Amino acid sequence: MIAYANGDEAAFSLLFQRYSERLIAFFRFRLGTRKKHLAEELYQKTWLKVHASRKSYDPKHKFSTWFFTIALNNLRDEVGLLRERFKHQELVESSPELTHVPQKTTEERYIEKERFAQIETLFRFLTGDQKTALLLSDWEEMSSKEIAEAMCISDASARQLVSRARRTIRSHFKDEEKV
Amino acid sequence: MIPQNQMDADIHNRVLKAVQGALREEKVPQSKRTFKVLIVATVAFALFGVPFVLLFGAQMTWVWKLAFGLWAIYFGVSFYLWFKPQPRLAIPGVFSPFVIAKLFLISTAVTIFQILVCPSYVFLDSALDWNPLIPLTGFLMRVGGMNLCMLFCGFLFSAIASAVALGSIHRSAKVRDFKSNGLMIGILSLSQIPVLLVQFFTDDLRPFVGFWIGGISFGVFVVIGLKSIWVRIAESTSRDRGA
Numbered sequence: 001m002i003a004y005a006n007g008d009e010a011a012f013s014l015l016f017q018r019y020s021e022r023l024i025a026f027f028r029f030r031l032g033t034r035k036k037h038l039a040e041e042l043y044q045k046t047w048l049k050v051h052a053s054r055k056s057y058d059p060k061h062k063f064s065t066w067f068f069t070i071a072l073n074n075l076r077d078e079v080g081l082l083r084e085r086f087k088h089q090e091l092v093e094s095s096p097e098l099t100h101v102p103q104k105t106t107e108e109r110y111i112e113k114e115r116f117a118q119i120e121t122l123f124r125f126l127t128g129d130q131k132t133a134l135l136l137s138d139w140e141e142m143s144s145k146e147i148a149e150a151m152c153i154s155d156a157s158a159r160q161l162v163s164r165a166r167r168t169i170r171s172h173f174k175d176e177e178k179v
Numbered sequence: 180m181i182p183q184n185q186m187d188a189d190i191h192n193r194v195l196k197a198v199q200g201a202l203r204e205e206k207v208p209q210s211k212r213t214f215k216v217l218i219v220a221t222v223a224f225a226l227f228g229v230p231f232v233l234l235f236g237a238q239m240t241w242v243w244k245l246a247f248g249l250w251a252i253y254f255g256v257s258f259y260l261w262f263k264p265q266p267r268l269a270i271p272g273v274f275s276p277f278v279i280a281k282l283f284l285i286s287t288a289v290t291i292f293q294i295l296v297c298p299s300y301v302f303l304d305s306a307l308d309w310n311p312l313i314p315l316t317g318f319l320m321r322v323g324g325m326n327l328c329m330l331f332c333g334f335l336f337s338a339i340a341s342a343v344a345l346g347s348i349h350r351s352a353k354v355r356d357f358k359s360n361g362l363m364i365g366i367l368s369l370s371q372i373p374v375l376l377v378q379f380f381t382d383d384l385r386p387f388v389g390f391w392i393g394g395i396s397f398g399v400f401v402v403i404g405l406k407s408i409w410v411r412i413a414e415s416t417s418r419d420r421g422a
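Residue numbers (the working numbering), protein chains in the order written: chain G, 1 to 179; chain H, 180 to 422.
This is chain G alone, in the form it adopts within the complex:
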């Protein structure tokens, strides 16, 4: 990220390779397939904002937290949800290691597609906050502290959101199995 902030094209390409698909997946899960176009717009807007604010990135903070805070702020602006709670913060990140992302096989892609459909169905039962918290926790593997930082809520609230989201999904999953 530091190299990208200083204008390194190759560093940006690596960063993009690592986060691009994750970002669009995040917006699609969060908004659902019915708002596919909105997800694509938010995806582009997020990269524009990342580019515009890259000089303000503080390496003391984790990159993914800073990155998803920008994504969440875009989402909040667009959807008009959580206006009071998500306040823009200058979050930044600890030395991000830009590693090469291996190409996926057709089989892996197929499994991901199946997984996406399953998760999307279950996500219908969650509130906006719960979706966001669960995505950051289970998809992005962020800690509750990082989720709290990105969503501008307390650590306890972040943990509660994740736990409630998992409980809701579990109960619906059990119901479906009974049926």
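Don't read these hints as lab results, they were simulated from the structure.
Careful: at least some of the hints might be erroneous.
Claimed, not checked - Straight line, CA to CA, 27 Å or less: simulated BS3-like cross-link-like pairs of lysine-lysine: (1) G:K49 - H:K263; (2) G:K49 - G:K60; (3) H:K353 - G:K49; (4) G:K131 - G:K174; (5) H:K281 - G:K49; (6) G:K49 - H:K244; (7) H:K206 - G:K36; (8) G:K131 - G:K145; (9) H:K353 - H:K196; (10) G:K35 - H:K353; (11) G:K55 - H:K263; (12) H:K353 - G:K36; (13) H:K196 - G:K49.
Stated by the list, open to error - Stretches of chain G that chain H covers, calculated by requiring three or more beta carbons in the stretch to come under 8 Å of a beta carbon on chain H: (14) 9–22; (15) 41–52.
All values derive from a computational prediction rather than experimental measurement.
Note that CB positions come from ideal geometry on N, CA and C, so glycine has one too.
Add chain H to chain G, keeping to what the hints say.
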């Protein structure tokens, strides 16, 4: 992650190339960029200025020179914004410098071109005895006199300039919020200021300036209004399709 289909690949490539392009543009020295802006703005200004001088040379009063000065500044500002290093992505509601430049440049160019085509709009006599709008002008003069003629011409000219300029940024203009519409109205109105000055400081035109302002305001607002309706229809259509 999510499966990467063709649409995903397109959108990913578009963003990747746009940001990489911006990073490359940043490496160009400021002096080189300024020189490029000056050259391009001068050429663009000359393209409109030379025919103007050839056709109406003797009628160029101080206020016309002022208008020319403003147009030169407009071209300079537009090309400065255009060549500014930036990711060139057209996203609904995002007015990057290059989008603003396009809107401003096209509305200004169309306005100047309209005067070249119909100089009677600003009471100029062209060296060419050709004006395609003479039949319309004659009809308006017969029906409602000079007041109606100025009102309608203001409307027609600003509506055409606004429609062409908005058409050039149709992806970015695909929004209907108050802030974005206000920005677009502001830029489109700004391109009409030099003509307003000419109207106001020319004795023969001054009595009709109110009608002219009414006409251009109506033209800009009608185009922005129609655009908002179009966006609303597009939004509801895509919702119905589940997109």
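Checked hints:
no.: 1; hint: G:K49 - H:K263; verdict: holds (16 Å)
no.: 2; hint: G:K49 - G:K60; verdict: holds (20 Å)
no.: 3; hint: H:K353 - G:K49; verdict: holds (19 Å)
no.: 4; hint: G:K131 - G:K174; verdict: holds (19 Å)
no.: 5; hint: H:K281 - G:K49; verdict: holds (21 Å)
no.: 6; hint: G:K49 - H:K244; verdict: violated (41 Å)
no.: 7; hint: H:K206 - G:K36; verdict: violated (35 Å)
no.: 8; hint: G:K131 - G:K145; verdict: holds (17 Å)
no.: 9; hint: H:K353 - H:K196; verdict: holds (23 Å)
no.: 10; hint: G:K35 - H:K353; verdict: holds (16 Å)
no.: 11; hint: G:K55 - H:K263; verdict: holds (17 Å)
no.: 12; hint: H:K353 - G:K36; verdict: holds (16 Å)
no.: 13; hint: H:K196 - G:K49; verdict: holds (16 Å)
no.: 14; hint: 9–22; verdict: holds (count 7)
no.: 15; hint: 41–52; verdict: holds (count 7)
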